[in-house]
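Chains as they are written, first to last, in my numbering: chain A, 1 to 499; chain B, 1 to 643; chain C, 1 to 171; chain D, 1 to 102.
Please note that a few of the clues may not be correct.
Computed spacing ranges between beta-carbons, pair by pair [said to hold, decoys possible]:
#1 B:2 to A:452: 38 to 44 Å
#2 A:452 to B:579: 29 to 35 Å
#3 A:482 to B:580: 27 to 33 Å
#4 D:87 to B:617: 20 to 26 Å
#5 B:172 to A:360: 44 to 50 Å
#6 A:205 to B:230: 56 to 62 Å
#7 B:620 to D:87: 17 to 23 Å
#8 B:230 to A:280: 24 to 30 Å
#9 A:482 to B:45: 37 to 43 Å
#10 B:218 to A:189: 49 to 55 Å
FYI, nobody ran anything at the bench for these hints, they're computed from the structure.
We put the beta carbon where it would ideally sit given N, CA and C, even for glycine.
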Amino acid sequence: MFSNILIYFVVIPLLMLAGVALSRNIKQIRAVAVVGSLALTTLSVYLLCSYLALRGNGEAMQFVEKWDWFKPLHIQLAVGVDGISVAMLILSSIILLTGSFASWKIEQPKAFFLWLILLSTGVFGFFISVDLFTMFMFYEVALIPMYLLIGVWGSGNKNYSAMKLTLMLMGGSAFLMLGLIGIYYHSAANPADYTWNILEIVKNGSISKGWQYFLFPMTFVGFGVLGAMFPFHTWSPDGHASAPTAVSMLHAGVLMKLGGYGCFRVAIYLMPEAAHDLAWIFLILTGISVVYGAFSACVQNDLKYINAYSSVSHCGLVLFAILMLNTTAMTGAIMQMLSHGLMTALFFALIGMIYGRTHTRDIRLMGGLMKIMPFLAVCYVIAGMASLGLPGLSGFVAEMTIFVGSFEHADWFHRAFTIVACSSIVTTAVYILRVVGKLLLGPVQDEHHLSLTDATWWERTSTVTLILCVAAIGCFPNFFADLIKFTFSPQIFSVLGMN
Amino acid sequence: MDFIIPLLILAIPLFNFLLLGIGGVKMSHRLAGTIGCIGMGTVLVLSYYTAFNYFFSGNEAFIIDGVRKAATIFNVTWLEFTKNLVIKLGFLLDPISAMMLIVIPTISFMVHVYSLGYMKDEKGFQRYYAFLSLFSFSMLGLVVATNIFQMYIFWELVGASSYLLIGFFYTLPSAVSASKKAFIVTRFADLGFLIGILILSFYTQTFNFADLTNNPQNVLLSTGGATFLGGSVLTWALVLIFTGGMGKSAMMPLHIWLPDAMEGPTPVSALIHAATMVVAGVYLVARMFPLYLMEEFALQFITVVGAITALYAAIVACTQIDIKRVLAFSTISQIAFMMVSLGVARPEHHEALGYMASMFHLFTHAMFKALLFLGAGALIHAVHSNNYTAMGGLRKYMPITHWTFLIGCLAIAGIPPFSGFFSKDEILSACYSQSMFWGVWMSIVAGMTAFYMFRLYFLIFWWDTPDYSHHHHKPHDPKFAMSFPLLFLATVSVFAGFIPFGEFVTWNGHEYTIHLNTVIAVTSVVIALLGIGAAYVMYSKKNEWPARLAGLVPWLWTAAHHRFYWDEIYLFITHKIIFNGICRPIAWFDRHIIDGTMDGFAYITNKASVAIKGFQSGKVQMYVWWYLIGALLLGAITAVCWM
Amino acid sequence: MESVGSIIMYWIIALSIVIFSVLTVTTRKILRAATYLLFTLFATAALYFKLDYEFLGAVQIAVYAGGIVVLFVFSILLTTHPGDNSEKLASRKRLLGFSAALVTLVVTGYALISRCANVFTRLPEMSTPDMSRIGEVLMGTGYGELLLPFEAISVLLLACIIGGVVVARKR
Amino acid sequence: MGTIIWYLIPALVMFCCGVYGFMTRRNMIAMLISLELMLNAVDINFVVFNRYLYPGQLDGMMFTLFAIAIAAAETALAIAIIINIYRSAKNIDVRDVTRMKF
């Protein structure tokens with residue numbers, strides 16, 4: 001069992017949990033968190049290298065292995081990765097690392113880190129699983145700690161937000177559960193062969209079209225709630241606004257990606273025919289998400305609300321692109337997941353740092369921070385530029401891949417929606433520049449802010465790491481595009497019959 | 001040709017940006033300035049070398065049988081969308097990019113040097129140089145783009161660096177809003193550009209300029225006659241791509257950002273908003289010119305937009321007070337000249353003379369407009385005001401500035417032998433050869449150009465000398481760092497007209513000998529002189545004429561002074577319609593309807609549980625009652641079903 | 001047919017069960033209620049004996065009558081003052097309880113009589129299960145043998161002991 | 001007298017008495033006593049059915065045995081609680097113990 005590299009993505013977080021539980025002071029806790037997440041980052045980079053070495057062998061997934069867990073229901077602990085999951089694992093480990101730095105001075109560090117690491121255990125487990133049941137289990141493991149993390153360490157109207165977030169996501173998982181069980185009962189022709197294993201389900205291909213029409217919306221909506229799909233996105237602004245910094249980072253950066261990843265891995269991968277036929281419904285919804293989130297962000301005054309709505313817009317683009325069902329757009333979707341994960345984590349880290357100093361997130365009460373905390377302000381501008389799609393940073397390549405891919409459809413419906421989605425680049429520029437203009441530039445609004453200090457070393461570490469990653473994707477996109485696109489290559493990703 | 005030197009041309013500014021951007025905080029002003037200037041100087045030398053190599057080496061790759069070829073020096077895959085649609089980053093050498101390799105580093109170097117004096121002791125001096133380097137990098141990348149997506153990438157980058165530079169004085173609210181406006185307006189235009197690219201690339205399955213322009217017939221065929229709303233898709237694509245150009249080149253109705261962009265430091269205005277970035281739109285059209293020739297409508301569209309913009313900007317320029325704004329509107333007008341010139345160019349008329357004329361004007365205009373802006377910078381430095389009302393009679397105080405500014409004015413007015421005369425004359429010839437209407441139209445605009453430029457000149461250097469005694473010092477000529485660029489650019493402006501441009505830059509690479517059309521040349525000089533004369537009469541000495549003339553048609557004057565209320569219209573659209581009419585309702589809808597529905601579910605659940613919580617009274621005996629009732633009901637149901 | 005003695009035995013047992021049950025819940029003195037409960041339990045034990053479950057009858061007497069009732073008595077003595085009567089019941093409450101009991105009685109009784117009146121008319125023959133067999137069933141691990149529940153019950157008892165101590169201990 | 005019903009009727013009466021007592025008494029110990037009555041009635045049922053239906057087997061008897069054990073445990077615990085309540089309230093009226101509502 002321990003000869004498989006993937007299992008360590010769960011083992012290390014569990015060891016970290018034990019380490020944090022045994023720690024006696026905040027220094028030890030920090031050490032455990034940083035060392036552990038560094039180990040995870042190293043491991044994921046190592047995984048990337050070994051994946052690249054292995055991937056040509058014609059298998060859909062690498063490092064596939066399974067262990068029986070509960071035989072009567074065919075539940076297995078089955079693991080395996082392809083290029084997409086590798087990318088997601090790297091993203092998660094980086095964000096966990098930077099999130100640890102961002103919560104350097106958290107109160108009640110022990111409990112906080114315990115929950116945070118438990119959450120990331122769920123995230124890592126989700127990305128390595130290819131068994132629907134374990135996948136769902138890890139999904140829930142990732143969701144539940146969120147309630148406590150927001151409810152205890154949050155700010156503002158935290159009880160309401162935590163409750164709302166948890167309940168809405170749980171509502172989503174109710175749909176999801178239904179969908180997954182439905183898939184299980186159609187996973188094979190013969191009841192003795194029923195399986196939760198994604199790879200085997202694809203191989204069996206025994207979900208009838210009629211059932212796909214029922215199960216596809218279930219799973220897509222179930223994951224879509226976490227992917228902030230209109231109209232199930234309203235947990236996002238409140239939840240993000242109340243969450244502590246590291247939690248916002250992990251949530252927007254990684255957890256919302258679980259939604260997109262699940263939509264792709266479960267809904268579309270397993271039920272391609274229904275996806276093909278029903279995509280238009282969800283295209284309309286996600287198309288609305290993209291524009292609607294961007295327009296909503298234009299008039300918000302709370303920094304986190306702006307960023308949350310921006311996430312709605314950007315994550316909408318992810319689902320939008322996935323639904324385009326062609327290689328280029330889906331590659332773009334995964335790149336957008338990476339890109340949005342990194343830059344939104346950066347955003348939330350910076351907002352947390354600014355909030356920690358000024359104790360307000362209302363942009364009307366702040367101004368001219370460029371003068372007071374130049375480092376943070378410059379980082380914020382960079383994050384903003386990444387968000388509005390400046391070439392050389394990650395947002396541009398992801399969005400362009402999506403747009404070019406989406407435009408490959410020759411019919412006017414897809415085209416019109418592509419153009420509508422494209423228009424979000426203007427709206428994004430509007431709200432980003434509005435914030436930058438009001439928050440960072442202009443004269444100093446509040447005299448008390450003049451005495452504030454710039455970033456500390458751990459904050460610098462956190463932001464600089466994220467900026468480097470954002471720039472790395474932006475400057476060398478083809479490496480990532482290739483990593484992802486390989487997964488969609490026809491001999492492997494044949495279920496959709498995509499070009 | 002070796003790829004090292006072209007690569008260095010791009011790499012040095014980028015490196016300088018990173019170096020100054022990251023390490024600048026720890027540097028002294030002197031060091032940062034030196035690094036910036038040396039870097040740009042190196043780029044200047046290297047790109048001159050490259051350009052001269054292209055034009056004069058006679059290398060097989062560049063010229064075959066007297067026909068200039070486009071040569072791709074290097075082309076690296078950057079991002080692969082599909083097998084055919086690949087973004088490559090490369091370096092394309094052809095007549096226009098080689099020409100731009102001369103223009104951009106020249107102006108940029110001059111601005112670097114000038115800024116040593118102009119920006120001295122400004123806070124953020126290092127940052128300023130970092131941004132200048134970033135801009136130079138992006139602009140150079142734009143002109144040498146081998147494919148349309150590379151151009152789009154650098155197009156966005158110049159937009160961002162322009163944003164950063166306009167907002168350089170970030171504590172001034174006006175600068176902040178101007179930079180925001182510039183970015184958003186051009187972004188809006190870029191949306192059109194992007195959609196145009198998407199349409200074009202979908203049908204042609206390529207981004208490459210070479211593939212697009214070498215066989216424009218194939219492009220037309222590849223669309224398969226698809227149409228949309230009455231226009232062929234190619235027309236749509238080209239018009240949308242031109243929209244991007246309209247944004248960057250400040251054509252109507254997307255011109256509103258350029259006058260405001262004058263909030264940036266003056267050398268920046270000279271570099272970006274006069275000489276280089278704003279001509280990107282012209283360059284874009286020129287780059288895809290063979291494709292535009294396929295669609296008559298697109299060219300006519302360009303002509304009409306250009307002509308209207310030219311006239312509009314010229315009228316507005318006559319009424320502005322801020323000298324930088326006058327120059328800004330004159331820039332808009334001159335770029336519109338170039339656009340019109342491209343729009344009227346047809347191979348059947350003088351081998352597409354308009355194309356050559358447009359590029360020629362681009363070249364000369366870059367020189368003299370940069371000169372004028374830098375001169376304006378010197379004036380502003382001297383009197384600490386942007387308005388001509390604070391100036392007057394300065395010819396006695398600032399002789400160098402005066403003479404160089406005069407040369408700039410003569411050049412733009414089109415007086416021989418200054419450079420503007422030659423290029424403008426070619427443009428007018430091109431217009432007349434296509435249609436009399438546009439010829440006359442543009443001649444009138446040319447006359448107005450002479451008028452407003454000399455109005456500005458006379459108001460600054462003649463008119464009435466105000467009281468300068470409240471200044472710390474009398475206005476005086478700037479130091480060497482600032483006067484050297486003025487002198488250099490003035491020299492270029494005088495002589496650039498004699499360059500046999502047709503031998504270097506033509507639409508198809510064939511050489512073309514410029515011959516002056518005497519009738520048109522004489523007419524245009526006469527018109528220019530008339531304009532100058534009118535300006536002399538009205539503004540050489542303080543008098544009541546201008547005020548009286550303005551009083552003659554007050555509504556026209558007021559409207560022109562307010563730039564025909566374009567800003568107000570935009571403000572209305574953005575604030576009243578988009579912000580208050582779309583964004584706020586959406587935000588409200590989200591909070592109250594969507595979120596309200598979600599909260600509503602929670603509310604209903606909550607209310608329901610409050611309603612039934614009475615059952616949980618804590619009275620054990622009541623529980624038994626309820627239990628008993630339930631049990632009996634169940635029993636009854638079972639019994640009924642059983643029977 | 002059964003012997004007359006057994007019929008008489010039956011009636012004594014049945015009547016004492018019914019009478020003492022009714023008295024248990026109707027008497028106003030709590031200590032008396034406990035005493036009547038004791039009698040009821042004894043009668044139940046007698047019933048077990050009559051049905052040939054001697055071990056069970058013994059357990060009933062030892063645990064219920066001997067253990068639980070004593071517990072009741074002690075707790076009654078601890079919590080009530082001598083001479084305390086429970087207050088008179090409000091008629092509404094009594095009616096409520098009475099109707100509940102009656103409904104239960106009627107419904108269940110009807111069900112019983114309508115279904116079971118004419119079945120199982122004879123007591124089948126059975127030898128009294130001997131102790132070794134009970135022990136085997138209770139402590140065996142085979143099919144139908146009950147070691148696991150036995151252990152569970154032991155744990156439950158342990159939990160009760162601890163719980164009782166914790167709950168009742170003086171703070 | 002050999003019919004099963006003759007054994008079940010007294011048990012039913014006992015049960016109903018338990019119900020009546022549980023619902024009308026206020027003294028918690030009295031309620032507990034009623035509870036014991038009900039439990040006992042059920043125990044009888046187990047035994048009787050075992051005796052008539054499966055005379056050779058011990059299942060019903062064992063069930064009763066366990067039920068007695070559980071009843072003992074439950075009573076002990078309940079009395080502990082009642083005594084505790086008495087200590088704090090000087091009273092064991094069930095109407096006063098409604099703090100666990102809602």
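**Study point:** Hints violated by the structure (numbers, ascending)
**Key:** 1, 3, 5 and 6
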